[in-house]
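Number of protein chains: 2
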Amino acid sequence: MSDIKKLIQFIRKEFNRSLKLFPLPNKPEYLYDPIKYALKGEGKRFRPILVHLSGKAYKTDPDIIMKVSLAVEMLHCFTLIHDDIMDSDNMRRNMPTLHHQYDISSAILAGDGMFTISQLVLIGIEKKPPSLMQFYNEAVLEICEGQALDKDFEDLDEISMDMYTAMVEKKTGALLGACLCLPAVISERSNDEIKRIKYVGRQLGIAFQIQDDLFEIFEDENKMGKSLGSDIFSNKKTAIAIEANKINKNEWDSIIHQFDGKDLKSIRNFLSENKVKEKVETLADQYFNSAYNELTNLGFNKESDLYKFFKMIQGRHS
Amino acid sequence: MSDIKKLIQFIRKEFNRSLKLFPLPNKPEYLYDPIKYALKGEGKRFRPILVHLSGKAYKTDPDIIMKVSLAVEMLHCFTLIHDDIMDSDNMRRNMPTLHHQYDISSAILAGDGMFTISQLVLIGIEKKPPSLMQFYNEAVLEICEGQALDKDFEDLDEISMDMYTAMVEKKTGALLGACLCLPAVISERSNDEIKRIKYVGRQLGIAFQIQDDLFEIFEDENKMGKSLGSDIFSNKKTAIAIEANKINKNEWDSIIHQFDGKDLKSIRNFLSENKVKEKVETLADQYFNSAYNELTNLGFNKESDLYKFFKMIQGRHS
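Residue numbers (our numbering), protein chains in the order written: chain W, 668 to 985; chain A, 668 to 985.
Treat the hints as calculated values from the structure; they're not laboratory data.
Possibly wrong hints are sitting among the right ones.
Intra- or inter-copy, both count: the list cannot distinguish identical chains.
In silico DSS-like links for lysine-lysine, alpha-carbon gap of 27 Å or less [claimed, not checked]:
hint: 1; residue 1: K694; residue 2: K862
hint: 2; residue 1: K903; residue 2: K694
hint: 3; residue 1: K969; residue 2: K942
hint: 4; residue 1: K942; residue 2: K703
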């Protein structure tokens with residue numbers, strides 16, 4: 668196994684151990700049982716890994732970094748829980764989503780509780796610049812804005828690719844930007860450096876989300892841990908839908924109208940034959956490249972852990 | 668008009684002006700339209716008033732106090748929005764609740780956004796002790812726990828009065844405790860003083876909630892700005908339900924089983940005839956007295972603004 672893979676495995680293991688040991692009360696069960704259920708899910712821990720790799724690069728205290736990574740993963744879980752209610756998604760990480768396993772009320776409250784706990788985890792870091800909480804909560808507000816744009820777009824007929832990338836930059840990019848910049852904030856790097864490493868994370872986030880839109884149609888359900896095609900079914904404006912619309916709006920409309928929520932064959936055929944898949948893959952690569960470029964400018968070369976991890980993300984299902 | 672009434676009116680007016688001027692983006696509409704709608708509601712602003720009166724007593728910078736009061740009111744609105752979804756309440760402050768006016772997804776997201784904005788407002792206070800955010804978020808987690816207990820109790824057959832007061836101390840008391848103690852925290856009062864003024868707020872909160880349970884049955888719908896009896900209808904374990912159960916469980920069960928969600932006459936008769944109303948009023952007064960006592964111990968006599976405001980709260984519908 669390559670060194671970077673070993674490192675990632677080590678971080679994931681250490682992180683999962685910390686998460687398991689995280690002290691949560693038992694009562695009231697109505698609040699903490701769903702929270703425990705949500706944290707049991709076997710996430711890929713991309714975000715905590717980004718925090719740890721950035722922390723390693725910026726020589727941030729490892730104990731502090733563990734706290735930041737716990738906060739970030741809890742924040743991420745909270746947004747997934749609330750998003751799953753809004754998007755009526757029933758499966759996540761091979762488990763029923765929280766509102767599906769419990770109910771909508773429990774899921775709303777569990778999300779609120781997790782978000783609050785994530786704040787308390789960060790607040791518990793003794794030596795921290797005052798701007799840490801600011802960066803964190805600004806990212807959260809952007810995530811809310813991104814989710815709002817995503818919901819707004821459902822009712823719009825045509826969305827440009829620029830509108831789409833602006834949406835996913837907030838919805839997915841803001842948190843990845845925070846993962847990379849929070850360790851730099853703690854290590855009191857210059858405002859310029861913080862801004863640039865945040866930009867790297869945001870570009871990575873856009874690339875990551877575009878890839879996810881592709882996986883949502885072309886991947887294996889078991890590998891994804893959820894049913895596929897729900898973006899299409901709920902008329903989400905993904906990069907794929909935007910490109911497909913451009914190629915042949917009438918045919919695409921008729922294909923998605925016939926979609927039963929399960930059989931993706933005709934959708935896949937249309938996207939492959941019309942090179943939509945290829946185009947969207949190229950678009951994702953462009954954002955990966957933008958992330959690599961700025962990362963290199965910041966002094967992280969191809970041998971750096973962050974660079975190598977980005978490559979792993981890029982090739983995560985190939 | 669008495670001096671205290673003039674003062675309260677002045678604070679409310681200034682607060683409402685600040686809230687109106689609070690800079691909120693226009694886009695995405697999906698997020699900010701519902702937030703603006705929620706802030707338009709004509710709340711009584713009890714919590715901001717408590718913050719201002721405590722800030723005045725502790726000689727806290729008025730600009731900082733305004734920020735704290737804005738944060739606290741937004742936090743309060745956020746919890747109401749999410750609670751209204753969980754409790755399927757359709758009216759609030761004489762307006763349709765947010766999920767009723769928009770939909771559940773918008774209301775979840777608006778709540779999340781408001782909570783995040785409230786954090787950012789507090790974070791924006793330049794000179795603040797690190798413990799400010801800690802006290803704030805600890806209160807939020809307690810509010811979540813209180814709401815969880817409330818939901819848990821719906822499925823339980825018998826709840827003791829101690830369990831009830833422990834629940835409302837979290838659900839309602841935690842925030843009122845924060846309103847009174849946050850200014851003391853900012854003015855760097857001793858830990859003992861902070862703890863005691865927080866206790867005052869928590870006792871006030873219990874008293875306030877017990878009264879609210881009474882109003883929910885005995886008040887005028889227009890005055891309350893919402894339909895009444897919903898606690899009974901959804902089998903909420905209020906102080907009234909607990910006392911009524913003690914008096915005559917069978918008769919009370921049969922009365923609430925017959926309740927159509929509208930006509931409260933037989934419920935009111937039972938509660939008055941069996942002196943349940945009287946008992947619960949006495950219970951509320953006990954918690955008010957406990958608040959007055961500790962307030963007096965802290966040096967706030969009967970002529971202090973806080974004492975007088977508590978008296979106004981106690982007599983708010985009489």
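Hints versus structure:
no.: 1; hint: K694 to K862; verdict: between (41 Å within a copy, 23 Å between copies)
no.: 2; hint: K903 to K694; verdict: between (38 Å within a copy, 19 Å between copies)
no.: 3; hint: K969 to K942; verdict: neither (31 Å within a copy, 79 Å between copies)
no.: 4; hint: K942 to K703; verdict: neither (43 Å within a copy, 44 Å between copies)
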